[in-house]
Structure formats: C-alpha cells, structure tokens
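Please put together the full structure from these sequences, using the hints given.
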Amino acid sequence: MNKRISVDEIAAMTASAKHRILAAKSPDEIHVISVIELPVTDVEVYDKNPRHHDNPKYEEIKESIRIRGLESALYITKRPGTNRYILARGGKTRLKALQELARENPQKWGKLNFHEVPFVSESEILAAHLVENIGRSEMCFWDVAEGLTTLKAEIEKETGKPVSTRSLPELLKSRGVEATRDLVVNSEFAVCFLRELGPWRQALGFDHVHSILRPKFKAFQDLWLLDRDKTKDSFQALCDQVVGACVQQHPEYSPELLVAEMVGSMAPEFGCSRGALLAALHAHQESAIRDLQGLQALLQAKEQTLAQQARSEEGSGHAQDEPPTVELGLGGATQPPLAKPPQNEGLQNLQRTIDQARSRATDVPGIPGVSVVQGLTPRPPKAPAQRGAQGQGMLSLHGGPLNAQELMALEREGQEGLARRVLWDALQDFGDEAGIAELITPSQSPALAYGFYMELPEPGKLGASLDDIAVQAWWLLAGLSEQGQPHVAERLIDPQTGQIVSEAIRQGPGTFSTIILDAQAFENALRERLGGQPVDLAVLLLHILTERRSPLHQVTLALIDACANWKACRGVS
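Be aware that the sequence shown starts at 1, since it is given in the numbering used here, and climbs by one per residue.
Keep in mind that the hints were calculated from the coordinates and are not lab data. Mixed in with the good hints there might be a few duds.
Quick list of in silico lysine-lysine cross-link-like pairs, PhoX-like style, CA-CA up to 25 Å [stated by the list, open to error]:
1) K78 <-> K57
2) K218 <-> K232
3) K62 <-> K96
Computed from a prediction, not measured in an experiment: that's the story for all the values here.
Here it is, written out as structure tokens:
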C-alpha cells in the first residue's frame, strides 16, 4: 500500500526543488590531500560565502551535532601565500555550531578532523560553496543570484576577458554548477536593479522576478530611453532611489508595490499622470509588436510564394528531373521543394519573440500591478517556508497565524480540517497572484459551499475591464463561491440580524454584506466597479486554463485541486 504524502511534505518538496539547480559532488569525487586534526577555532568561514542570510535551522543543526556528532566531513583549503585555513565546500552553519559547542565544552568539541583539498582557483571555491549550500538547504533567491553574479565576476577576473550571459551557463557547468540561462538572466537583473532591497532580499522569489519585476522594469527602461536626455545610468539611479524608498516606507515585501512606485516616480519625470504613462508604455510595446508582426507577414508571404513556385514546377514535369533547390526564408537553407514545405525555423523563433513580447506588454488595464497603481494594495506573498509543521505560519480564517485553539480544532477535525487548511492556502495564493487577497472573505454560512465570498472592491480600485487579471480573478472566485446566485444569496442572510454570516473586516454601506440585500444596488456595483454584468464562470475558467502564459494559470490549477479535495472531505455537491 502506497504511503500518502502529506501536504507539508509536498510543500517542502516543492520549495526545495525551486532552486535545486546545482548538484553537489559525492565524497568519492572530491580529491582530498590529507585529513588533519585542527582546533575548530583555527578554521575560518569563506569570506565570499554566497549564503548571506543565516540558516533558519541553525539551532536544530547545532542540537543534532551535540547529540549525534558531525555526520559529514568539513572540507578546508588554504589560499596560496597564506597560513589560515578556510572552508572549501560549504559548512558555514556546521562550523559556527561547532565553535559554539567548543566554547561550552572545549575538551569534547575543541578539535576536529578536517579534510584538506587543494586550492584550484577562487572561482572553483566559490562554485563549490554555492553547490553545497543549495544542496544542503534551500537558499533564498537573492543569495543564489548574488552568488552567480559574483562567480561570473571571478571567472572574468581569472580569464581576463568579459563573459557573456549566453556563454556563462557553460562556464558554470565546467565548475560543477548547473544553471539555466533563465536563472542567470534573472539573477543579473535582480543584483543590478534591485540592489537596494535591503531587508526585502530574503523574501524575493525567482517567480516574482521572472514574471513581474524584470518584464516591467525592462519596459520602464525602454520607455525611459526614448527621451534622448535620459540614460541607462539615470534609470539605474531612479531604480535605486525608488526601491530604497519603497522598502523604507513599507515593512512588508510586495513586488507589485515596487511596480506601482516605479510608475508613480516615472510619471513626473515625463510630466504626465500615472494613467498617461501606462498608456504610453502600452502604445510603445504594441508598436514594437506590430513591427515584428509586419516582418512576420513579409516572411510568410515569401514562404507562400516559394511554395507555389515549387508546386508549379512539380506540376510542369520538373519533378522527374533532379529536384531544384529553393531558398527558404531566414537562414538561407536550401531544400528540395515539397508539396508542403517544412515550418521555417526562423519564423518559429520570430513567433516566439512576438508571443513573449505580447505576454509582457503592459495593457491598460491588463497586467499585475495596474490595479495596484489604481490604489489596491495586495497582501504580500507568503514564503513557502512559513508554512511549517503543525500549521505554524499558516493563515487562519481571520487572516493571522493559527492560534492554539485553531490548531487543536484542526487536529480534531482530521482530514476535513486539513482540507480546509489546504483550500484556504490555495485561495490566498490565488489572491496574492492577482493582488486581491484582501477581498477574499471567510464565512461560516452553510450557504457558501467553500466557506468564503468575495468582497466588492471599492470604486476605482480594480480595472474596469476583463483584460485586467485582478478583475478576472475576482469574477472567477465570486463564481466559485456562487455568492451572486439567487438561491445562495437568499440563504446567506441571517433572519435574526438581516446580515450575512461573515468575518469581514470591512462593514457598512457599499460592502457585499449590505449591498446584497438590494438587487439593483448590487447590479449597479458590479457595473461600476467590475466592468459590467456577471461573467460566465465556465468560459473564464476555460480561458485561464488554456492560456499557459496567464499569471493565473498555475494558481488556478492548484485551487481547483484544493476545491476537489474539500468536496471529497465534505461531500459538497
């Protein structure tokens, strides 16, 4: 019988796999010069260690060493011309724990057998530390990014020539580091444009950089450089100023806020409003896309002409002779004419470029962040590591960490309580992605099959078009809760109070709990705040699930699975 994997185990595997892009060498593959006994205080941590943030499991590791001893060797080396040993392959946390234990009990922990390895180069040592740190415990994305860019600088210093982004992955691989070009590009962006993140660095995620920050900042820079008086250096200075100020003003990390602050700071530089800046940005990106599409049309026309010529020659009898060759589009490749010419690789690459440009184009409204610019402040994303065992760090139905009573209630409820926990986490992840988490309102009303409803956004806070993913997300969740269905709305009302059963923070006129009592007012609110009449849930869901580039695609799949799990435990029909 297969063991059922718990939710926490799945979350842990997902988190650890996120940046498991490096493979550590086995002990048999490491060339050891000698094993020497040294006082643990005579060994220093590597001064360029890529892990800048303390290991959150430090105390746990220290206690494990106290009870079981050191279960794996620590590797050391010496730089040429020095007498001090430094760690050669990770081990900062373990060495620090040993040094603390040595202060407590010098006789037992004061000395250790270290494995000495040869010093090859600075880049080799740095690469080994990067590999070991990621292999043993999850590093935050910022530390990975800074480690990769520092390693690139060391390689350039040793080789005496610049290293391109395209060639870097292969050079890293020769030093034992497996890193995709995508990771390299996003790492370089983060270290360059987000260097003033300060305390936000540890919360920065690869997905946030890849999907939100790098595309948006690249678009901002393109628009900035359209002004001949503006330079890349002045844009860098603006980024430093905006990012630093945003971190100081907002203690909780939010990539959407960074985008909003950039828009707010750039608009005065161009002497326009935020809305006008977004419109200009959108027009500029659409112009570039149209240029690409024009080139694509010309190439496709050329392809069709060549194909028609090939068919004409084939019909006139040339096919019996040696097949003539024709030149196909980009690249100058020559091939025998076929009834259906193969797809031109140049055209395929061009189509991918167009698709990528369109997926990153800033619509008005239409991207994560536009709703933020209009005044909606999303709940900061939750780091996966915050959801630990026994529900530590998981959000309760009231928006805060689970208290002791809630934990006990979950344990008593068994599978149903776990299913509720999984569903609420999935709802919060979905809301975080779209910037509408604060509108997801829990309710104990039996009329709501999934225990929540969507609060109405305040006027002007969300975009007024279904092109805006925040609006798409609101309609999808509202449809899932069925809060607008007449048979559900009637059952929501508590006959004694005349209000719906809700734990909503927002109360009073204009909120869902009061406006649902007036059908006309509810209809007017939908039209004014969300762009019109109710949306067909099936059509919207199909659109999101079949559009893999949609920011909502993955979180929607997870939400559907959580809903199915909840239904299985509760028997929801």
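Each hint, compared with the structure:
1. K78 <-> K57: Outside the cut-off at roughly 28 Å; violated.
2. K218 <-> K232: Given that 25 Å is the threshold and the Cα spacing comes to 11 Å, the pair holds.
3. K62 <-> K96: Judged against 25 Å, a Cα distance of about 9 Å means the pair holds.
Violation of the numbered hints given earlier is confined to hint 1; every other hint is satisfied by the structure.
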